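Asks: Protein sequences appear in the order of chains Y and P.
Numbering-wise (our numbering), the first sequence opens with residue 764 and increments by one.
Numbering-wise (our numbering), the second sequence opens with residue 2 and increments by one.
Honestly, I wouldn't trust all of these hints.
Simulated DEER-style distance windows between Cβ atoms [said to hold, decoys possible]: (1) Y:1039 to P:144: 23 to 33 Å; (2) Y:992 to P:120: 18 to 28 Å; (3) P:76 to Y:988: 47 to 57 Å; (4) Y:971 to P:179: 41 to 51 Å; (5) P:186 to Y:968: 44 to 54 Å; (6) P:98 to Y:788: 23 to 33 Å; (7) Y:813 to P:201: 32 to 42 Å; (8) P:231 to Y:979: 51 to 61 Å; (9) Y:1024 to P:148: 49 to 59 Å; (10) Y:931 to P:116: 52 to 62 Å; (11) Y:968 to P:230: 56 to 66 Å; (12) P:98 to Y:927: 54 to 64 Å; (13) Y:1039 to P:177: 52 to 62 Å.
Partner residues are not named here, just some residues of chain P that face chain Y (Cβ under 7 Å, in silico) [stated by the list, open to error]: (14) 24; (15) 30; (16) 57; (17) 60; (18) 102; (19) 105; (20) 139; (21) 151; (22) 180; (23) 220; (24) 222; (25) 241; (26) 267.
Keep in mind the hints are simulated off the structure, nothing from the lab.
Please read all numbers here as calculations on a predicted model, not as lab measurements.
Ideal Cβ placement from N, Cα and C applies to all residues, glycine included.
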Amino acid sequence: MTGAVAGKAAARARTPGAPSPGRVLTRLLRWSPLAPATVLLLLFLVGPIGYCVFIAFTDTQLTGQESASFVGLANFRHAFGDPAFRNAVVLTLVFTVLSSVLGQNTLGLALAGLMRRASRPVRSLTGALVICAWVLPEIVAGFLLYTFFERRGTLNALLEWLHLPAQNWLFTLPVLAVSFANVWRGTAFSMLIYSAALAEIPQEVTESAEVDGAGGVRRLWHITLPMIRRSIGTNLMLNTLQTLSVFGLIWAMTRGGPGNRSQTLPVFMYDQAFLKSLIGYGTAVALLLLLVGALFSAVYLRLMREEV
Amino acid sequence: MPPSRRLLPRTLWRAPRRGNRHRPAADAGLLAVAVAFAIPLVWLVLSSLDTEATLRVRLPTSPSPDNFSAVLTDEITFTPMLNSLLICGGATLLTVLCAALAAYPLSRFRSRFSRPYLLTILFSTCLPITAVMVPVYALFVQVNLIDTRYGTALFLAAAQLPFAIWLMKNFMDGVPKVLEEAAWTDGASWPQTLLRVILPLMGPGVAVVAIYTFIMMWGNFFVPFMLLLSPEQLPASVSIFNFFGNYGAIAFGELSAFSILYSTPVLVLYILISRRLGGGFALGGAVKG
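Construct the entire structure; sequences and hints are all you get.
Replies: As structure tokens, then:
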């Protein structure tokens, strides 16, 4: 008891000058529960990130090399000159904009909005299906959408039934197929965030706008969207970060192919580091991906700043 | 309560009563989306009961559980599921333990470095962990952790830890401080207070953190895919690729049956925590915007 009281007094007083040894001990004891988590994080998360920064500047290979040597920025120069890397960057952009910004975000908002007007059974059914797609393991989702888009799959069966031309989707439009798959898998998250946000809009506001004669589009544009703009920001940020690191879904559906036409950055990184054994180069790509992620995280952190 | 409604967070199914003018249009729109989302799921269920399953949705001519009995062997199902359980279960225990300990001082005491620490945690919650897998692989080769289940579990635990700490801290903030001050007066030490007073009071919160952590790990493909090599150690998320191995002739029925067996635990666990996830903090913990 005395220790706790003394510690509390110490924390409150914040006297200038060096604290007494007893106080330091109390403080150390008090913060000691942080130790296991911090050690684990340092060893397995901060460590690898630091190591990532290190080997990105070397020519480490998977096999047949005794020691790696420091090559400076060569990996990065190589990356920016490498058409395959630029292809991966473009595909990652397309994949992210299509599936996360346009797909998950818009569909999630639309679903959340429609759910406020729909009847209860329809709302429950749709919600359950969308969430089910989200909860399924990534690899199962990849496999399911592979069969959906495959040449002999359900999508073509539907198109034939409608007398529309069938296509080999995974071959002709692989990015579109994996983007759609990511929408199928990830929309639930946006739906949940937006339904929570919409529920917080006071009804009087919408109602009075309605009385004033504002139509649906104007209400959406001038009232709803501005009132949930913080949720939109958060959601876009988290969706984008999520989408940037999608690997299993694409791997199960196309393995980055045909050729490299659905090879986003994570798949490209894996390909270079393991199939081509260029660990140094693969890590340089990983570092760039990590930097983009860190940038988004920092922006997200700014948005969240007041909440902590 | 029907199961479908239980799957949904409160904000979804308890929508306000409103003018019904637009209800048919809204219903139609939602149903169209529902059909699009349902097709792959319907295929999964139907083909698991069809011994001659193809890539298309079709009713099985003679539905039978043969696919399930075919995959329920040690090699195909039980060993990978046991591996998943060992890896994810162990990692979840470690994560929850470390997160509970770490959340305690972060939630209870103020200090110059608690805020930077929390911001760093929140920051790392968002980092694309996929990107560090190549250096993690290289690192694991050097320290001989490669192809070990405990090594994989340790990394999974660390990767999930930032979010677990963040969630746990938010739940712990909800426990009033008065109660532990009473315990202190009675002469309890901080481990006793944490174990006997705080954690029991936030029991449901701890359960949410544990279940959520477990679900995330159970579905994780890339980490075990990179860090485990020998077939007898692979968890279900990676062993599922064995079905693709047998050139050309994928047994879709068996693959579906296995997918269902592999997905069931996470679906059940999600249903257990979904109400709580949707209620207080709309998942994300960090997602308050």
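Asks: It remains to establish, for every hint, whether it holds in the given structure.
Replies: Hints versus structure:
For residue 1039 of chain Y paired with residue 144 of chain P, a C-beta distance near 24 Å keeps the hint of 23 to 33 Å intact. A C-beta distance of roughly 22 Å is found between residue 992 of chain Y and residue 120 of chain P, which places it inside the suggested range of 18 to 28 Å. For the pair residue 76 of chain P and residue 988 of chain Y, the beta carbons lie near 54 Å from each other, so the given range of 47 to 57 Å is met. For the hinted restraint 41 to 51 Å between residue 971 of chain Y and residue 179 of chain P, the CB-CB distance of approximately 42 Å keeps it satisfied.
Here the CB-CB span from residue 186 of chain P to residue 968 of chain Y is close to 48 Å, well matched to the stated 44 to 54 Å. Between residue 98 of chain P and residue 788 of chain Y the C-beta distance comes to about 25 Å, which sits within the given range of 23 to 33 Å. Our hint of 32 to 42 Å for residue 813 of chain Y and residue 201 of chain P holds, since their Cβ atoms are close to 39 Å apart. Taking the beta carbon of each, residue 231 of chain P and residue 979 of chain Y are about 59 Å apart, inside 51 to 61 Å as hinted.
For residue 1024 of chain Y paired with residue 148 of chain P, a C-beta distance near 33 Å fails the hint of 49 to 59 Å. Between residue 931 of chain Y and residue 116 of chain P the C-beta distance comes to about 54 Å, which sits within the given range of 52 to 62 Å. At about 58 Å, the beta-carbon gap between residue 968 of chain Y and residue 230 of chain P stays in the expected band of 56 to 66 Å. Between residue 98 of chain P and residue 927 of chain Y the beta carbon distance is about 56 Å. The supplied range of 54 to 64 Å therefore holds.
For residue 1039 of chain Y and residue 177 of chain P, the hinted distance range of 52 to 62 Å is satisfied, since their beta carbons lie about 58 Å from each other. The criterion of a C-beta within 7 Å of any C-beta in chain Y is met by residue 24 of chain P, whose closest approach is roughly 6 Å, and the hint holds. Checking residue 30 of chain P against chain Y: minimum C-beta separation of about 5 Å stays under 7 Å; hint holds. At a threshold of 7 Å, the smallest CB-CB gap from residue 57 of chain P to chain Y is about 5 Å, leaving the interface hint in force.
For the restraint placing residue 60 of chain P at the interface with chain Y, the shortest Cβ-Cβ distance is roughly 13 Å, beyond the 7 Å limit, so the hint is violated. At about 4 Å, the closest approach between the beta carbon of residue 102 of chain P and any beta carbon in chain Y falls short of 7 Å, and the interface hint on this residue holds. Interface hint status for residue 105 of chain P: upheld, as the beta-carbon distance to the closest one in chain Y is roughly 5 Å, under 7 Å. At about 6 Å, the closest approach between the beta carbon of residue 139 of chain P and any beta carbon in chain Y falls short of 7 Å, and the interface hint on this residue holds.
For the restraint placing residue 151 of chain P at the interface with chain Y, the shortest Cβ-Cβ distance is roughly 12 Å, beyond the 7 Å limit, so the hint is violated. With a least beta-carbon distance of about 14 Å to chain Y, the hint placing residue 180 of chain P at the interface is violated under the 7 Å criterion. With 7 Å as the threshold, the beta carbon of residue 220 of chain P comes within range of chain Y, its nearest partner Cβ sitting at about 4 Å, so the hint holds. The beta carbon of residue 222 of chain P comes within 4 Å of a beta carbon in chain Y, closer than 7 Å, and the hint placing it at the interface holds.
For residue 241 of chain P, the interface hint holds, since its Cβ comes within 7 Å of a Cβ in chain Y; the closest pair sits about 6 Å apart. Look at residue 267 of chain P: its Cβ gets to within about 6 Å of chain Y, closer than 7 Å, so that hint holds up.
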